[in-house]
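Enquirer: Sequence:
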Amino acid sequence: MAWRHLMAAPTVPAAVAEASARESARFGCSIERLTVPAEGGPAFPPVREAVLASAADVVILRYPAERVDWFAKLLTLGRTAVLADSLVYWRLPVGRGRAARSRADLRWSPLGDPAVAESLVLDIFAGYAGHYLANPLFDPAAATAGYAEWARGSAAEGVCLALYQTGEGEPRAVGLATVEDDGPCTEILLAGIVSAAQGRGLYAYLLAAVEERARARGAGEIVISTQGHHTRVQRAWSRYGFEPVRTFLTVHLVRPGLLPQA
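In this text, residue positions in the sequence shown follow UniProt numbering: the first is 1, and each later residue adds one.
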């Protein structure tokens with residue numbers, strides 16, 4: 001979910017569950033998304049009415065974590081409420097990053113080949129524990145395929161970059177980041193280092209590549225997010241200079257009778 005959708009308040013506070021055609025096709029059930037922004041979003045009653053009015057198999061609800069009383073209320077709406085972790089956002093003013101010392105064997109460049117982007121993401125995000133894994137209706141393999149589709153689209157649209165390492169032979173891609181530019185903000189959507197190169201301090205160079213790109217286009221800030229339990233990558237963000245700014249909860253509201261019985 002894009003940062004602007006989570007932060008921007010609607011002109012008239014409302015709650016609307018919108019169909020997610022791609023997720024519905026991917027997981028073989030009807031899915032709607034309902035997002036409550038951090039500032040100026042609706043109170044609980046409109047959210048309750050939107051959930052009650054939905055005929056979708058699953059409503060994926062995302063709302064600010066400080067609304068701590070909402071989850072208990074969600075349990076009364078006749079659906080099974082599956083707590084699907086939290087989404088933590090971090091932010092960095094462009095130019096404030098603590099980049100590592102430059103290395104002659106590392107460089108970055110835009111990645112426009114969808115097939116290469118897909119290959120990198122399938123390696124980087126193999127076994128990634130995203131919010132889909134909380135729901136037994138969702139096939140983990142289909143979730144991973146969704147990340148690959150996302151990366152392919154980013155490469156085709158020119159908003160994907162790769163980190164390359166030189167050595168013997170041709171430079172090889174060791175990291176990938178997909179981004180979304182929205183005015184003065186650049187959001188990192190997918191980012192990581194391939195499994196064979198992890199643990200070598202390369203992730204900071206990938207962040208530096210995104211920051212360099214953002215600076216070149218005149219962006220003022222970079223934002224990035226992950227599930228709350230992914231503390232290792234959040235420590236890397238902190239070392240680079242990012243600071244945490246918001247947390248949202250993700251809840252899957254499943255129509256009765258769809259979840260397997262224990």
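Don't take each hint at face value.
[To be verified] Label-pair distances were calculated between CB atoms; the ranges are: (1) ALA142 - ASP105: 31 to 41 Å; (2) PRO45 - GLY127: 21 to 31 Å; (3) GLN261 - ARG107: 49 to 59 Å; (4) ARG98 - GLN198: 14 to 24 Å; (5) PRO140 - SER238: 38 to 48 Å; (6) SER102 - PRO45: 25 to 35 Å; (7) ARG217 - GLY28: 37 to 47 Å; (8) ARG200 - THR231: 39 to 49 Å; (9) GLY78 - VAL233: 48 to 58 Å.
FYI, nobody ran anything at the bench for these hints, they're computed from the structure.
Backbone N, C-alpha and C define an ideal beta-carbon position, used for all residues, glycine too.
Enquirer: Give a verdict on every hint.
Expert: How the hints compare with the structure:
In this structure the supplied range 31 to 41 Å holds for ALA142 paired with ASP105, their Cβ-Cβ distance being about 37 Å. A hinted range of 21 to 31 Å is violated for the C-beta pair PRO45 and GLY127, which are about 40 Å apart. Between GLN261 and ARG107 the beta carbon distance is about 54 Å. The supplied range of 49 to 59 Å therefore holds. For ARG98 and GLN198, the Cβ-Cβ distance of about 20 Å falls inside the hinted range of 14 to 24 Å, so the restraint holds.
At about 29 Å, the beta-carbon gap between PRO140 and SER238 misses the expected band of 38 to 48 Å. The given range of 25 to 35 Å is broken by SER102 and PRO45, whose C-beta atoms sit roughly 55 Å from each other. At roughly 39 Å, the beta carbons of ARG217 and GLY28 sit within the given window of 37 to 47 Å. ARG200 and THR231 have their C-beta atoms about 20 Å apart, which leaves the hinted 39 to 49 Å range violated.
Distance hint check for GLY78 and VAL233: the Cβ-Cβ separation is about 37 Å, which falls outside the suggested range of 48 to 58 Å.
Hint violations for this structure: numbers 2, 5, 6, 8 and 9, all remaining hints satisfied.
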